[in-house]
Amino acid sequence: MSSETATHETRVPPDESPAECPYCQRPLESAELLTLHKGLDHWERLDDDERERFRETYAAESESLRSFRLKLLGLLVVLYFAFLFVYSYVTTDPISAGMVATARGPIVGAL
Amino acid sequence: MRTRWLRRGLGVALATTVGFVGRALAHGGSLRAATGSLSIPTWLFLLTGGGVVGASFLLASFVTDRAFIRAVHEWRRVADAPLAVARRATRAVSVVALFGVVAVGFLGPTDPLRNAAILVVWVGWWAGYVATVYLLGNSWPALNPWRALAEWLPSLDRAYPERFGAWPSVVGLLALIWLEVVSPLADEPRLLAGVVVGYSVATLAGAAVYGSDAWFDRVDPVSRVFRYYGRVAPLQRTDDRLELRPPGAALTEPRLVDGRDEIAFVVALLWVTTYDGFVGTPVWADLARGAVGLGVPAVAVYPAGLLIGFAAFLGAYRLASRSARETAETYLTPDAIARRFAPSLLPIAAGYHLAHFLGYFLSLSPALTAAVTSPLSPPLNPVLIVLPGWFGGLAVAFVLVGHLVAVWVAHATAYEVFPGRLQAVRSQYPFVVVMVLYTMSSLWIVSAPDVTPPFV
Ligand SMILES: [Zn+2]
Chain A
1 MSSETATHET RVPPDESPAE CPYCQRPLES AELLTLHKGL DHWERLDDDE RERFRETYAA
61 ESESLRSFRL KLLGLLVVLY FAFLFVYSYV TTDPISAGMV ATARGPIVGA L
Chain B
1 MRTRWLRRGL GVALATTVGF VGRALAHGGS LRAATGSLSI PTWLFLLTGG GVVGASFLLA
61 SFVTDRAFIR AVHEWRRVAD APLAVARRAT RAVSVVALFG VVAVGFLGPT DPLRNAAILV
121 VWVGWWAGYV ATVYLLGNSW PALNPWRALA EWLPSLDRAY PERFGAWPSV VGLLALIWLE
181 VVSPLADEPR LLAGVVVGYS VATLAGAAVY GSDAWFDRVD PVSRVFRYYG RVAPLQRTDD
241 RLELRPPGAA LTEPRLVDGR DEIAFVVALL WVTTYDGFVG TPVWADLARG AVGLGVPAVA
301 VYPAGLLIGF AAFLGAYRLA SRSARETAET YLTPDAIARR FAPSLLPIAA GYHLAHFLGY
361 FLSLSPALTA AVTSPLSPPL NPVLIVLPGW FGGLAVAFVL VGHLVAVWVA HATAYEVFPG
421 RLQAVRSQYP FVVVMVLYTM SSLWIVSAPD VTPPFV
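First to last, the sequence lines map onto chains A and B.
Taken in order, the first sequence gives residues 1 to 111; the numbers are from the working numbering.
Taken in order, the second sequence gives residues 1 to 456; the numbers are from the working numbering.
Do not rely on the hints blindly, as some may be mistaken.
[Said to hold, decoys possible] Listing some non-contacts, in silico: residues in chain B with all C-beta distances to chain A over 12 Å: (1) W43; (2) L47; (3) P334; (4) L422.
[To be verified] If the Cβ cut is set under 8 Å, some of the chain B residues that face chain A in the computed set are: (5) P41; (6) G50; (7) S61; (8) T64; (9) A67; (10) A71; (11) Y129; (12) V130; (13) A336; (14) R421.
[Unchecked claim] What follows is a list of derived Cβ distance ranges for each label pair: (15) A/A59 to B/W75: 38 to 48 Å; (16) A/R55 to B/L83: 28 to 38 Å; (17) A/Y80 to B/A71: 22 to 32 Å; (18) B/P161 to A/L75: 42 to 52 Å; (19) B/E162 to A/R55: 52 to 62 Å; (20) B/A71 to A/V12: 39 to 49 Å; (21) A/S17 to B/P82: 49 to 59 Å; (22) A/Y80 to B/V292: 22 to 32 Å; (23) A/F68 to B/A81: 38 to 48 Å.
Calculated directly from the structure, the hints in this document are not laboratory data.
Idealized CB from N, CA, C, for every residue including glycine.
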């Protein structure tokens with residue numbers, strides 16, 4: 001990420017009060033996102049306090065990502081078993097059926 | 001018509017009759033054949049394709065380490081390469097090739113399988129060379145024979161009207177594909193030579209008026225196709241240096257697609273590969289016959305289908321960008337989102353191209369070699385390679401790999417654009433829905449029974 005993000009075109013709904021970045025004027029949707037944005041895009045211009053705040057916000061975000069990942073994993077497992085079930089319902093042998101799905105029929109000789 | 005022979009596949013088409021072979025030439029063979037002997041129902045085949053793309057999005061979402069994503073995309077090896085010197089030689093060679101194509105097209109044998117012009121343009125250039133552009137790097141600026149000629153000719157250097165932007169290249173791309181679909185451009189060498197001459201005259205005239213930089217950077221659809229495909233490739237050129245990067249890494253850069261006109265071009269590139277297959281399906285045949293039955297002139301059916309489908313693709317992409325603003329809860333405008341994520345569509349287009357054309361290129365490459373070595377008296381029965389049966393599976397794999405690269409590029413782009421990582425993942429929901437639907441409709445096209453498109 002670099003100063004190019006400064007050129008991001010934004011439109012803020014009239015009834016909202018965005019947190020505006022003091023360095024590039026990009027309006028951010030929350031104070032946490034502003035802290036993250038400043039740490040990611042303007043690291044060199046931050047003082048020690050702000051850097052510390054960025055680290056804390058990033059760590060908190062990682063924490064909430066952990067539970068999000070669990071949901072993702074659950075979804076993947078559901079998807080996997082859904083397909084396994086459908087394949088075993090449609091064919092009797094899911095593994096060879098999957099392989100046949102990507103294999104072509106025999107070619108009719110040459111010229 | 002490329003699509004006409006997709007289902008049977010080149011190998012089968014070659015086996016039938018010599019007349020067949022000529023027509024088969026225009027068609028990248030192996031994709032539709034891939035589903036020729038499915039032991040699972042079509043709906044499950046489509047669902048599986050969609051499921052793979054959806055699952056790959058879930059897997060990509062597990063990667064939440066910003067430093068890792070950035071490291072992948074910023075990895076590069078740089079080498080100095082004084083390419084400007086070599087360019088003069090390569091351009092001279094390609095100008096000779098251009099004149100050769102036109103001459104052989106008009107004077108050579110009429111059998112497309114023996115005519116070097118047909119084989120060079122379709123097998124050598126549109127199948128083989130294009131694949132090198134997205135697999136290796138965009139060498140077209142070093143080859144472009146029209147640009148070489150335009151730079152030797154005087155120019156008026158009029159200012160290019162900015163308000164036109166990339167729109168002329170969008171129109172040009174759609175027009176070229178329309179011509180390719182409705183005419184026997186890959187079967188009749190004389191017609192092909194005529195079209196090449198027409199394209200050359202239009203291109204050189206345009207470059208003479210607006211200057212070759214403006215023309216080839218803005219207007220010429222062919223140069224634009226190569227420029228975008230080239231961004232997928234691992235080799236990128238910067239000034240006088242070559243950079244080696246992971247494939248697709250160059251697609252996350254901002255300003256690669258700048259404006260609605262360039263979004264439209266990227267979407268058009270994706271749409272034309274789909275359209276090309278769609279006109280060979282029974283659904284299209286029924287639609288076309290129905291429209292003509294209702295009084296629509298037969299000549300208008302193909303351009304109308306081309307434009308309606310393009311509008312639908314563009315509409316779906318814009319709708320996804322608009323919903324991404326909601327799901328990501330961002331202040332970015334839908335336009336800004338659409339611009340940033342448009343490059344992630346390019347690996348999909350490249351994957352389809354490879355799936356359509358690799359088998360076609362390999363089967364016909366001996367014929368190409370034979371015709372190029374003796375353009376005026378090529379062997380009567382050119383050798384053709386019959387591809388093994390698993391090749392069709394490879395084609396399906398290319399389609400899926402294109403989608404997987406696209407999912408990853410979109411993921412990395414979202415991390416660049418949004419400060420929040422959850423926000424970045426959420427921004428992808430609408431795009432993933434569109435991508436899954438797109439995968440399923442493309443797989444539906446390749447698995448649909450093949451019919452001859454009516455009214456052409
Ligand atoms: Zn800022």
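Taking the numbered hints from earlier one at a time, note which ones the structure violates and give those numbers from smallest to largest.
-> 1, 2, 3, 4, 6, 9, 10, 11, 12, 15, 16, 19, 20 and 22
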